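Engineer: Listed here are the chains, written in short residue letters.
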Amino acid sequence: MLAYIARRIVYVVPIVLSVALVCFLLVHITPGDPLVAVLPADASQELAAQLRAAYGFDRPLPVQFGLWLWKAVHGDLGTSIATGRPVLAEVMRAVSNTVMLAIAAAIIGFSFGLLFGLIAGYFRDTWIDKLATGIAIAGVSVPHYWLGMVLVIVFSVQLNWLPAVGAGPGGSGQWAWDWEHLRYLILPAITTSVIPMGIVTRTVRALTGDTLSQDFVEALRAKGLRETGVFGHVIKNAAPTALAVMGLQLGYMLGGSILVETVFSWPGSGLLLNSAIFQRDLPLLQGTILVLALFFVLLNLSVDIAQALIDPRIKRA
Amino acid sequence: MRNFGRNNRRAVLLALSMASVFMVPSLASAESVLRIGMTAADIPRTLGQPDQGFEGNRFTGLTMYDGLTMWDLSSATKASVVIPGLATEWKVKDDDHTKWIFKLRPGVKFHDGSDFNADAVVWNVDKVLNKDAPQYDPSQIGVTASRMPTLVSAKKIDDLTVELTTKEPDSFLPINLTNLFMASPTKWQALYDKAEGADAKAKSTAAWAAFAKDASGTGPWKMAKFTPRERLELTKNDGYWDKKRVPHVDRMVLLPMPEANARTAALLSGQVDWVEAPAPDAVKEIEARGFKIEKNEQPHVWPWQFSRIEGSPWNDIRVRRAANLCIDREGMRDGLLAGLMVPATGTFEPGHPWRGKPQFQIKYDLPAAQKLMKEAGYGPNKKLTVKVQTSASGSGQMLPLPMNEYLQQALAECYFDVKLDVIEWNTLFTNWRRGVKDPSANGSDAINVTYAAMDPFFALVRFLQSSMAPPVSNNWGYINNPKFDELVKKARTTFTDKERDEVLAELNAASIDDAAFLYVAHDVGPRAMSQKVKGFVQPKSWFVDFSPVSIAP
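Protein chains in written order, with this note's numbering: chain A, 209 to 525; chain B, 14 to 566.
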C-alpha cells in the first residue's frame with residue numbers, strides 16, 4: 209500500500225508542473241496588455257515601459273516563468289497588479305470562503321443525492337424511481353445562475369427571508385456558523401448543490417440497482433439476512449464508486465462556481481477568478497488558477513488513496 | 014375552533030416576541046448607516062490613488078482624501094467646475110509660465126492628527142513622480158501620472174506655499190490636480206519605520222500595503238473597517254475643515270457587487286440603501302416598488318472614433334455629417350436604454366462652459382443625411398461598407414452590442430453597410446492606443462470606445478491634436494487638422510480661466526462642425542436608492558458628494 213501511495217504521489221509532480229506551465233502560458237498568450245489594470249490607455253510609452261520593468265514583464269518569457277515558479281514553490285505567488293496585495297493571501301481568503309460554501313453544498317447535495325439514489329435504486333422502475341430520477345435530471349440540467357436568480361427573487365426579493373448577496377453581516381472575515389452568517393450561505397449552497405445532487409442520485413441509483421440484482425444478494429436473503437443487513441452490503445459495494453464521484457464533485461465545487469458566486473456576490477475563488485479576468489490581473493489570475501488546480505490534483509490523489517484503502521483490488525489495477 | 018383561536022393567539026404572541034427581538038437592536042442603535050452597492054468587483058484601492066477609474070475616485074478618493082483643487086459637486090443643473098480644495102488660491106508665475114504658486118489652506122489636519130502643509134504636498138507629488146523618494150510607489154503612478162501629464166515637481170516655499178513646475182506651459186494643471194489625493198506622510202513614515210523588508214524598496218511596498226489597510230487623508234470620511242473584496246466602512250470626520258461638508262450619516266458601508274442583477278436584488282430585498290447602475294430592464298420594477306432612480310448627464314461620451322488615414326471613407330465630411338444626422342438618439346434613449354442616456358450632440362452639451370457655438374447641428378434628420386450621402390456618391394444601390402471595432406462589455410461602454418446593432422439598423426437607412434468587429438474589452442482598450450494603422454485594428458474604419466470628458470486633455474486634446482496620434486496617445490484615427498492644433502496650443506497657454514474656457518469652447522465647436530466623431534450618447538450614471546435616502550444631489554459629474562446625504566429612520 210505504501211508503495212502504491214508513493215507511486216501516486218510521484219505521478220502528481222509532472223501533473224503539477226504541467227499545470228503551472230499551462231496556467232502561466234495561458235494568460236501570457238492572450239491578446240491585450242498585462243498592465244491594463246493600472247495602465248491607462250493614454251499612458252505614455254515611457255510610463256508603460258517603466259511599469260513593465262517594475263512588474264518584470266519586460267523580461268523574456270522563460271525567465272519570467274522560472275522566477276514565477278521559483279517564488280511559487282517558496283509560497284510567494286507575487287502581488288496583485290490591481291490591489292497591490294499578496295496573491296497568496298487573496299487566493300487563500302477566497303478559497304476559504306469557497307470551501308465553506310462547498311462543504312455546505314456537499315452536505316446538501318450528497319445527503320439528498322444519496323437519499324434519492326437509494327430510494328430510486330430500491331424502487332426501480334416505479335413512479336418513485338421516476339420521480340427521483342426526474343429530480344436528478346433537473347438538478348443536472350438546470351442552469352446554475354438561473355436557479356440562483358429564481359431563488360433570490362423568491363426568497364430575498366419577494367419573501368424577504370434570506371439575504372440576496374454577500375457572505376455575512378460584517379463580511380466573511382472568518383468562518384462563522386451562527387444563524388446570522390448561515391442565512392447568507394443557504395441560497396448559494398442550495399444553488400451549488402443541485403448538480404452534485406443530481407449526479408450522486410444517478411450514480412447511487414445505478415449502483416444500488418446493479419448490486420441488488422446480483423446473485424450474492426439473493427444468497428444473503430436466502431440465508432435469512434434482514435433487509436438492513438442486505439442494505440449494508442449494498443452500501444459497501446457502492447461506496448468506492450460513490451466516493452470517487454463525490455470527490456470529483458467536491459473538486460469542482462472547490463474550484464468555485466464563477467456564476468453562482470457572481471450572482472450571490474459570494475467572495476470565493478469563483479468571484480476572485482471573475483475579477484482577475486475582468487481586471488486582467490495576471491499575477492492574481494495565475495495564482496488563483498494554480499491554487500485551484502493544486503486543490504483539484506490533491507483531492508483526486510486523496511480520493512484515489514481512499515479508494516485503494518477501501519477496496520484493495522484497486523491498487524492492483 | 015377554540016383550539017384554532019388559541020393557536021392563532023400563540024402565533025401572534027410568538028410573532029410579536031420575535032419582532033421585538035429584531036427591533037431591539039435598531040432602537041438601541043442611534044447610529045445612521047448608509048449602505049451602497051458599487052459596480053466594482055473589489056474595493057477600489059484605499060491608499061490615496063484609487064484604481065478602477067473614476068468609480069475608484071468617487072468612493073475611495075474623494076471620500077477619504079482631498080486634492081489641492083476639487084470639483085464643485087453641489088449643483089444638479091450647472092456643469093461641475095473646479096474650486097479650491099486644500100489650496101485656497103493659485104496663480105501661474107508671470108515671468109515663467111511653467112511655474113505655479115499654490116497657497117495652502119491653514120489649519121487642515123490629516124485623520125491621524127498630523128498637519129497638512131507644503132511638506133505634505135511635496136511628499137505626495139514625489140510619491141508618483143520622484144523615483145528617488147522613499148515613498149515612490151510604481152503601483153500608484155499608472156493611475157496618476159497620465160492624469161497630470163505635464164507636472165514635473167513640487168517645491169516648498171513656506172509652510173503654506175508650494176511651487177509646482179510643469180515641463181511646458183499648461184493651463185490645465187489646476188484641473189488635473191483634482192486627481193492627486195493627499196495622503197498623510199506622518200502616518201506613512203510611522204508604518205515605514207515599522208515595516209520589514211530586505212531593502213528600502215521592500216519596506217516602502219510594505220508600508221503602502223499597511224497604509225491601504227489603515228489609511229489617513231484629510232477627507233470628510235475616515236477609514237473604519239476594511240475587508241478586501243467585501244466591504245469598506247467609513248465613518249464621518251467630525252473635524253473636517255469644511256464644516257458645510259461634514260457628513261450627515263455616521264457610517265457609510267461600501268459593498269462591491271459587480272453583477273447588475275445582484276445589485277438590484279440587494280436593493281429590492283433591503284440589504285442596501287443605494288446601488289450604482291441598476292439593471293436597465295429592472296428600472297420599472299425598482300420604481301414600482303417605491304425606490305427612486307437618480308440620474309444626470311455625465312461628462313462621458315459614447316462615440317465612434319473615425320479613421321482619417323488615407324483611403325478612409327470618413328475623410329469625406331459629407332459622410333461624417335450624414336452619419337451624425339442619421340441616428341434617432343431619442344428613440345435609442347426611450348426604447349433600448351429605458352431613459353438611461355442623454356443624446357450626444359458633441360463632447361459637451363449646451364450649458365457647459367466648453368460647449369461653444371457650433372454651426373453644424375447634430376440631430377436626427379434622415380432626409381438631410383440621405384441627401385448628403387447621395388451627394389457623396391452613395392445610394393440604395395451603392396452602399397458604403399464601414400467596419401467598426403467594439404467590445405461586448407466594458408467600463409462605460411453601456412450596452413455596446415445592442416447599441417451598435419441599433420446604429421447598424423439606423424445607418425442602413427442612410428446607405429451604410431455596417432460590419433461589427435466585436436473583441437474583448439481589454440483587447441479593444443489596448444488596440445485603441447495602437448491606432449488604426451496597427452494590424453490589431455483589423456481593417457476597421459472606426460472604433461467604439463467610451464471616454465471621460467472631465468478635463469480638456471481627456472475630453473478633447475488627446476483625440477484632436479495631431480501630435481497625440483499613436484503611439485503617443487488616443488488620436489486613434491490620426492486626425493490632422495491644423496485648426497485643432499492651433500486651438501489646443503492656445504488653450505494650454507491661456508492662463509485666465511474665462512479666456513481658456515472660451516478657447517476650449519471654440520475647439521469643441523470646431524470638432525462638432527468637422528463631425529470629428531459620430532457622437533451618440535452620454536451616460537447618466539444611474540443609481541437607484543431607497544426613499545429613506547435624503548439630501549442627495551446628483552451633479553453633472555462622475556463624482557458625487559456623500560456629505561449631505563442622510564438616512565431617514
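There could be a bad hint or two in this list.
What the hints assert, rightly or not - Stretches of chain B that chain A covers, calculated by requiring three or more beta carbons in the stretch to come under 8 Å of a beta carbon on chain A:
{"#": "1", "stretch": "50–62"}
{"#": "2", "stretch": "151–158"}
{"#": "3", "stretch": "232–246"}
{"#": "4", "stretch": "263–272"}
{"#": "5", "stretch": "281–290"}
{"#": "6", "stretch": "544–557"}
The set of hints was computed from the structure by calculation and includes no laboratory data.
Just so you know, these numbers come straight off a predicted model, no measurement behind them.
Backbone N, C-alpha and C define an ideal beta-carbon position, used for all residues, glycine too.
Engineer: Three residues minimum, CB to CB under 8 Å: does the stretch 151–158 of chain B make the cut for coverage by chain A? Let me know.
Structural biologist: holds (count 6)
Engineer: Count the residues of the stretch 281–290 of chain B with a beta-carbon closer than 8 Å to any beta-carbon of chain A: does the count reach three?
Structural biologist: Three-residue rule met by the stretch 281–290 of chain B, so holds; n is 4.
Engineer: Taking 8 Å as the Cβ threshold, is the statement that the stretch 50–62 of chain B is covered by chain A upheld or broken by the three-residue rule?
Structural biologist: holds (count 5)
Engineer: Is the listed coverage of the stretch 232–246 of chain B by chain A valid when you require three or more residues with a beta carbon under 8 Å from a beta carbon of that chain?
Structural biologist: holds (count 6)
Engineer: So is the stretch 263–272 of chain B in contact with chain A by the C-beta rule, three or more residues under 8 Å, or is the coverage claim wrong?
Structural biologist: Coverage by chain A holds here, the residue count being 5 at a Cβ distance below 8 Å.
Engineer: Can the stretch 544–557 of chain B be counted as covered by chain A under the rule of three residues or more with Cβ-Cβ separation shorter than 8 Å?
Structural biologist: violated (count 0)
Comparing the model with each earlier hint shows a violation of hint 6 alone; every other hint is respected.
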